[in-house]
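One letter stands for each residue in the lines below.
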Amino acid sequence: MKEEQNAELQEQLKTFTAKDLASDQDVRWCPGCGDYAMLSQLQRALPEVGIAKEDIAIVAGIGCSSRFPYYMSTYGFHGIHGRAVAIASGLKSGHPKLSVWVATGDGDCLSIGGNHFIHALRRNIDINIMMFNNQIYALTKGQYSPTSQHGQKTKTSPQGVIDHPFNPVLIALGAEGTFVSRSMDRDPKHLKEMMLRMAAHKGTSFIDVLQNCVIFNDKTFDLYTNKETRGDNTILLEHGKPLVFGKERDKGIRLDGFKPKVVSMSDYSESDLLVHDEKSKELAFILAHMNDQPGYPMPLGVFLDIKRTTYEDELDRQVAEAIEKKGKGDLDELLLDGQTWEIGDNGND
Amino acid sequence: MKEEQNAELQEQLKTFTAKDLASDQDVRWCPGCGDYAMLSQLQRALPEVGIAKEDIAIVAGIGCSSRFPYYMSTYGFHGIHGRAVAIASGLKSGHPKLSVWVATGDGDCLSIGGNHFIHALRRNIDINIMMFNNQIYALTKGQYSPTSQHGQKTKTSPQGVIDHPFNPVLIALGAEGTFVSRSMDRDPKHLKEMMLRMAAHKGTSFIDVLQNCVIFNDKTFDLYTNKETRGDNTILLEHGKPLVFGKERDKGIRLDGFKPKVVSMSDYSESDLLVHDEKSKELAFILAHMNDQPGYPMPLGVFLDIKRTTYEDELDRQVAEAIEKKGKGDLDELLLDGQTWEIGDNGND
Amino acid sequence: MTTIETADGQKTKSVKFVELDDVTIRFAGDSGDGMQLTGTQFTSTTAQVGNDLSTFPDYPSEIRAPSGTLYGVSGFQVHFSSKDIHTPGDRFDTLVAMNPAALKVNLKLLHEGGNIIVNTDAFDAKNLKLAKYDTSPLEDDSLSGYKVFPVPITTLTTTALEGLGLTVKEMTRSKNFFALGLLYWMYNRPMEPTLEWIKEKFGKNDLVVQANSRALKAGYNFGNITETFTVRFNVRAAELPAGTYRNVTGNEATALGMVAAAVKAKLPGFLGSYPITPASEILQELSKMKRFNVRTFQAEDEIAGICTAIGAAYGGSLAFTTTSGPGMALKTEAIGLALMVELPLVIIDVQRGGPSTGLPTKTEQSDLLQAALGRNGEAPVPVIAACSPAGCFYQAFEAARIALKYMTPVILLTDGYIANGSEPWMLPKAEDLPDISVPFAPDAESYQPYTRDDHLSRPWAVPCMAGFEHRIGGLEKQHITGNVSHDPENHQFMVEMRAKKVAGIADDIPDQTVFGPDEGDLAIVGWGGTYGAIRAASERLQAENKSVAHIHIRYLNPFPKNLGEMLRRYKKILIPELNLGQLAFILRAHYRIDPLTYAKVQGLPFTPGDIEDKANETLKMM
Amino acid sequence: MTTIETADGQKTKSVKFVELDDVTIRFAGDSGDGMQLTGTQFTSTTAQVGNDLSTFPDYPSEIRAPSGTLYGVSGFQVHFSSKDIHTPGDRFDTLVAMNPAALKVNLKLLHEGGNIIVNTDAFDAKNLKLAKYDTSPLEDDSLSGYKVFPVPITTLTTTALEGLGLTVKEMTRSKNFFALGLLYWMYNRPMEPTLEWIKEKFGKNDLVVQANSRALKAGYNFGNITETFTVRFNVRAAELPAGTYRNVTGNEATALGMVAAAVKAKLPGFLGSYPITPASEILQELSKMKRFNVRTFQAEDEIAGICTAIGAAYGGSLAFTTTSGPGMALKTEAIGLALMVELPLVIIDVQRGGPSTGLPTKTEQSDLLQAALGRNGEAPVPVIAACSPAGCFYQAFEAARIALKYMTPVILLTDGYIANGSEPWMLPKAEDLPDISVPFAPDAESYQPYTRDDHLSRPWAVPCMAGFEHRIGGLEKQHITGNVSHDPENHQFMVEMRAKKVAGIADDIPDQTVFGPDEGDLAIVGWGGTYGAIRAASERLQAENKSVAHIHIRYLNPFPKNLGEMLRRYKKILIPELNLGQLAFILRAHYRIDPLTYAKVQGLPFTPGDIEDKANETLKMM
Ligand SMILES: Cc1ncc(C[n+]2csc(CCOP(=O)(O)OP(=O)(O)O)c2C)c(N)n1
Ligand SMILES: Cc1ncc(C[n+]2csc(CCOP(=O)(O)OP(=O)(O)O)c2C)c(N)n1
Ligand code: SF4
Ligand code: SF4
Ligand SMILES: [Mg+2]
Ligand SMILES: [Mg+2]
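Protein chains in written order, with my numbering: chain A, 1 to 349; chain B, 1001 to 1349; chain C, 2001 to 2622; chain D, 3001 to 3622.
Errors might be hidden in some of the hints.
What the hints assert, rightly or not - Straight-line C-alpha distance at most 27 Å; calculated DSS-like pairs for lysine-lysine:
| id | chain 1 | residue 1 | chain 2 | residue 2 |
| --- | --- | --- | --- | --- |
| 1 | B | Lys1261 | A | Lys259 |
| 2 | A | Lys307 | B | Lys1259 |
| 3 | B | Lys1326 | C | Lys2199 |
| 4 | B | Lys1141 | D | Lys3204 |
| 5 | A | Lys153 | B | Lys1307 |
| 6 | C | Lys2500 | D | Lys3614 |
| 7 | C | Lys2199 | A | Lys141 |
| 8 | C | Lys2614 | D | Lys3500 |
| 9 | D | Lys3201 | A | Lys326 |
| 10 | A | Lys328 | D | Lys3614 |
| 11 | B | Lys1097 | C | Lys2405 |
Derived from the structure by calculation, the hints contain no laboratory data.
Keep in mind that this is a model prediction, so the values were computed, not measured.
Turn these sequences into a full structure, and let the hints guide you.
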């Protein structure tokens, strides 16, 4: 999955199609659930990645979204709540050849699974974490999650949520993630593009997907997904491109010190704007925070994509090094390692 | 502990001294351990905070550092490994009047306890988390921790650590911490100053304390603590002040776009330098990352100190609101709430 | 047979009224058909009519499985009676089947000759195929053993709602109210309670109020008007003790018990919890009760759930944590901490189908061994269980009493069946509940955290009490001082002390009672949610003059003092459990008895018939 | 009595050589005094001399508790013999006391008339006070019952090291080597192995090599020269089976067993673990063995430890996770997942004192109930235990064999006592270890993940095997297909299937053996690390012609098939356990026997004398 693998090779390696990736199980999400978009886009993206179908494994925790593996005809593991990333970390570390995808919810990933999540990011294990962020615990029928909004009324917050939510992009950056991105169920094209980027990234890739739960949190993301309001309230991050947005592409982002500022394109030209740089941690943080302030658009796309050695490569390297240094393990030698002594047959006299 | 409490009132409230805070138990840390400095500075700081001794509780997990509560004559809770912050969160939420301090190690806080840590920060529960960062698991005799350096050889990393370490300040910022700071055992004065700042901050306060473990990781922080090298390798963050450092105060930090740059004071004057602003999240992130690059000093002091509603206040508010709306809870009323019906005595015929 | 006038006064027909003692109805349809709501409304109205009753909601683990599928069927069973009853019934008399899948899944438990009300509109080719029917059961002979009432419920509902300006989809949503109205007519229940409820619930949306009300009335009228229905049933009010009643589910009752305990302990309440089926409702209920100075903390995971509760307990709250099996597993380590630091804490495990994620929405009793024995080290914890929905109230209260008096974590086991099921509950008066407050340590001068009172409990002192500052923790404690101690003899002493303290609770709980003969052929021994089924079966067996007793154990650690001796007075012991014999295992180890296990591990409760059959089988072999 | 020339050839004195069969020495000093190192070196040399031996390191939970305190004393006991021995000894013959606290803490276990070598330099007023001595025991009468050898060890060491250019503090550090040298002289052991070891260990720092070597020799010479010492002891080589030997601790042996299992299973090895005393060494050892294609993953916590291992197992590694009590508690939920997905996994619990954090550096056997019974749902897991340091090797191997053959998690229980203790181990040859590899599923066409072979194991297929793609998870599985199933009958079937699979392992393990009479008055039944003490006691009792047998259970779930019947052949069963009777509880439930529990819960192992006394007491009461 090296980035340098060229398109031609990929085409040649396409040994299966999206349809081949559907399992024989009925998909049991509610009609209209945003999870469907994720499923169909992953099914469309994977054939283009250039890997064999048997080398793909999907790991999930527990939640509506975590039923994902059952609907894919690849290897799949529906784990326990919050542990998808830990299971995937072990799978990848023990079997580095695999393409490992994690399907997880905002509860699964950031609440009970928060610790595994941040540790995977810092270790930079080459797994791809797709977080279905519906800002609610859906499978358990509507309690608030760590991404639910302050004040949101849910079954367990009849007077409103009093927790300050996580910003998933921010926590991923704080945990030293090397690939951090955001997309949404309502933009399947962008979703697929992001999935391909994740596959191409060596190291942990994380995507925060705004996902609509029609039953327990319908339309929370309406502002960002609705055709009317979307343009003015989201901004697409593209490496090397100036930050323009607005329904009429009439707004842009400039920096005022290190604070982003919305400006009108009638006052500025594109060359005056902040240019996105996926390689800058500092910029990634600035953009991650940007929409904390009212009036600022929610960024979508790749915040950060940098290189760092991966955990499984380092582990492999240590195995190779150890073998190089002392030779491939020989059990008898190992047992004899240390201070030994012989007792002769007369010892039995 | 409101910031506005004035010094006079505090003096008046000083009802105990540092000595009163020593418990009757022998301190069992190794001679020379950095933990001693933390203990004596907290004992010195607390009498100045303006709280009664019985209103202080120290909560810890497991580790050398986590033995802390036993050495304080306040209320104290030596919990289980990794759960100090969770226990403290419950204690504070149920009993908001207390001044709650958490003593935790880099393993306790960031490894097994990482999830509770990030959730406390986002909730902004008013507890004070002192993390004793010796970049090692000391109590279990020398395995690497999540802050151990890449390549570091320890008992469990004979070929060197392959994990990328957490930057504690960065993860705290990513988790939306409202007070994030750093200090070190070798600067007791600064330590105490930071402790007083933590006490004054309403919301979760976090301090990353570089702490020397003389047995299992001696001198890791030598570069920063040693008189010879310290000046050139650390920089003190002070709100509103320009970023000057160097043994001879001959260097400064300027911003190049949003990247910090070390400059020589022979080329610039103080007014050309970056000025520290504890209120800026963006700057806090930039500074947290700064010493990732070689040649850059390690920042000490307060990275961020901002206000946000605290969890326990919000909880209290909801209790008060509920009482205001429906009246103080009456048990009989509660039981009768819902659809009830009467069965008369003739029901018994 | 009477001739009645229909509601609209336009037509009359002859309708027979039949008096029944006992009826069981099963509402079944798609997850999205609103069967849980329909069932709950029928139940609530029935309760107000004065019947004794018992319910069993049974739904899939998907939120809204694809419509029409067999696994997407959601059911709600209600059993009501003019007698005292204990279970939602073995089989049902009437099945409301909103689609073919609902019919297919539920038919096997319908009484021979029972009534089937089918929504014929849903019996199209697609739905038949989804339900794996080759031919329509309405058209072949397969339902000939039943009374089938074909009703085009969807069509009739949309017809009734015409003119309100709703879309077809919106109108269709009210079809469960139509069905409910029809059943109200059939079982002679008043519509008013539901009409009022609709107003309250949907008040903000007048159109919905109108639609649902109209659909309800249309269903009722349909019964009146159409020739299909010529019989109505009546079930007289039960002869229940005088008092004020309300219908409660086990989870509601648990939440109420927790609040009552906090009030009666004169302490602020605290619940640290993480949502999990089927325990989430307790957290949900409690989060609405903040005016009782009860704080709920939705934690990041189960470990934080219990640890925040331990922290709150240290701070002087009456602390609880609630969960189900997998979450219970995660709390294991922290339960050990709570017992080492000897703080009061109530841990509530609403058991569900295991192992692992298992059958999350189904009931089971398979966490008993985990609760009683599953911790590192010698870690004794009192364990009690609730037997019925209303019983949850008293056991939550009792768990808190024990926790406070003995300064110990206490585990309360309930299960999905009683947690979701409901029954009428005669409300206690607040003043009749005992005071369970415990005094804090009185004297700072002499205070030592690990002294013991006569029941071996240590004194409680909480932050803010000046002069009582002390340290606790998970390392072994020195007797009296509570300082860390590695002394070998002290460790043995403390390990035995903790065991003795918990064992001593046996002196503080009621003797085990028995229903039926004091000695005899067979004792059916149960615990937890199997109570109703065993009791009902025992009543039947005793009515046949069989020597069968029912011993239901509420205190599982320690056991009541007279239990061992009591068990030995029967020739045979039969233990029905929704597991492979966990209570039997423990009883065997304790009393060297040789009980028979009746293990049902199907995610379903026992029916009285199950127990009756097994008991008869056992008696026959004797 | 021979007259020997001292090493430096300057002086001669008369020295008596005494032959002994059996000696126990206890080295004791401050945590910082290097007693563990001294003990280990003495042990290693003694092993090479050909004695049988057994060791017991015993240290505080603080890293370096304040010097001179009673709780800061660190001890290392070594028992060596010309006979076959089983334990580190009841009491010791010689005590090396580096300070007053070490003397105070250890004196009570010194034989009457035993030797005490004291470092007189450490007996100053401050240290005497810290050790709570009112007067110096060297000056009052309190040691009159022993042979006291006062040696100014510190002074002699610094004198010996003068001229090397070391500070006094640095010189003082070598005093443990002086003591070691003296003991080598006294017990007639060669210095060479230690001299070589010093070179290897400190090779990089020549000054340290010189200092330690000189101190060692100085100690040896001191024995030769000074008039204080006139007796030397000799313990002849033991008559052990011919072979190559090495001294191993239990944790080392466990790590070796894990690697051996991976090699013999022809699989990559994987250990997901989180450090915890006393299990950390296994992770530490294994992290050095990467050339065996064994990967170690130091996880963020115990849950990640087991979950990474489960992930690796799914990927086709032979996966392990290691921990101790509190960590075991945290793994509870995930063990349930492993058994539900039926993947091979070995879980190793090195037990320590509980409950909660308890006594982290002390031994105990109190996790048996947790291991056997402590999970949500019906969750059967095979449990086996290791009995001795070397035994850990074979049991780690055996656990892996069972895990692979039965596609199941397996729990191996060891404990702090055997994990840290050591004994000589006759090394097996790699070729003599059985092949434990299992074939992956052979045929993609017919592959279904939940079919069963004759021992009820499901077929294993791992990612990268084309055509075998399948999904597993923690929800209940449908028989054969492995699809999620909520079907009631299937659930019961699968619950029973999993139980049957584990129970069936009884057909695949050796029959229970007995040491001593096949029937008789008393069987002492044990498990795990109590093996040595029970065996030694049984030998003594049998030597007195008492009708006492020793039954040591290595397979705790399922039990060997002949166990129940065997137990019934003795009039009385005595079960010594380092807990309150956990095995006894399980045996009672299984076999309706009524054993006597001998509970020692002090963080210390049984001594043979403990068992002997209890057995005699029991025999007397019969
Ligand atoms: C240990 C454990 N705790 C709790 C649960 C209950 N549970 C299942 S899914 C879930 C949250 C689901 O939320 P999320 O991860 O956001 O997924 P969604 O359903 O919203 O897609 C919870 C709390 C569980 N199954 N296991
Ligand atoms: C559940 C659990 N897992 C593991 C341990 C073992 N353990 C105790 S302290 C510790 C790490 C200590 O490191 P840190 O928190 O950095 O504290 P330090 O000793 O360095 O001050 C570990 C792994 C434990 N006691 N409990
Ligand atoms: S409940 Fe919400 S998240 Fe779950 S399947 Fe339905 S729409 Fe999707
Ligand atoms: S081991 Fe290290 S951290 Fe622990 S007390 Fe000693 S010096 Fe301090
Ligand atoms: Mg969600
Ligand atoms: Mg540390």
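Evaluation of the provided hints:
1. Under the criterion of a C-alpha separation no larger than 27 Å, the hint pairing B:Lys1261 with A:Lys259 is consistent with the structure, at around 18 Å.
2. For the hint pairing A:Lys307 with B:Lys1259, the CA-to-CA distance comes to about 18 Å; that is within 27 Å, so the pair holds.
3. Taking the CA atoms of B:Lys1326 and C:Lys2199, the gap is about 21 Å. The hint holds against a cut of 27 Å.
4. Straight-line distance between C-alpha atoms of B:Lys1141 and D:Lys3204 comes to about 22 Å, which keeps the hinted pair within the 27 Å bound.
5. For the given pair, A:Lys153 sits about 24 Å from B:Lys1307 by alpha-carbon distance, which is consistent with the 27 Å threshold.
6. Simply put, C:Lys2500 and D:Lys3614 have alpha-carbon atoms about 23 Å apart, close enough for the 27 Å limit, and the pair holds.
7. A C-alpha spacing of about 24 Å is found between C:Lys2199 and A:Lys141, which places the hinted pair at or below 27 Å, so the restraint holds.
8. About 23 Å separates the Cα atoms of C:Lys2614 and D:Lys3500, which keeps this hinted pair within 27 Å; it holds.
9. As the CA atoms of D:Lys3201 and A:Lys326 are separated by approximately 19 Å, the hinted pair is consistent with the 27 Å bound.
10. Simply put, A:Lys328 and D:Lys3614 have alpha-carbon atoms about 52 Å apart, too far for the 27 Å limit, and the pair is violated.
11. The hinted pair formed by B:Lys1097 and C:Lys2405 meets the criterion: a straight-line CA distance of about 26 Å does not exceed 27 Å.
Comparing the model with each earlier hint shows a violation of hint 10 alone; every other hint is respected.
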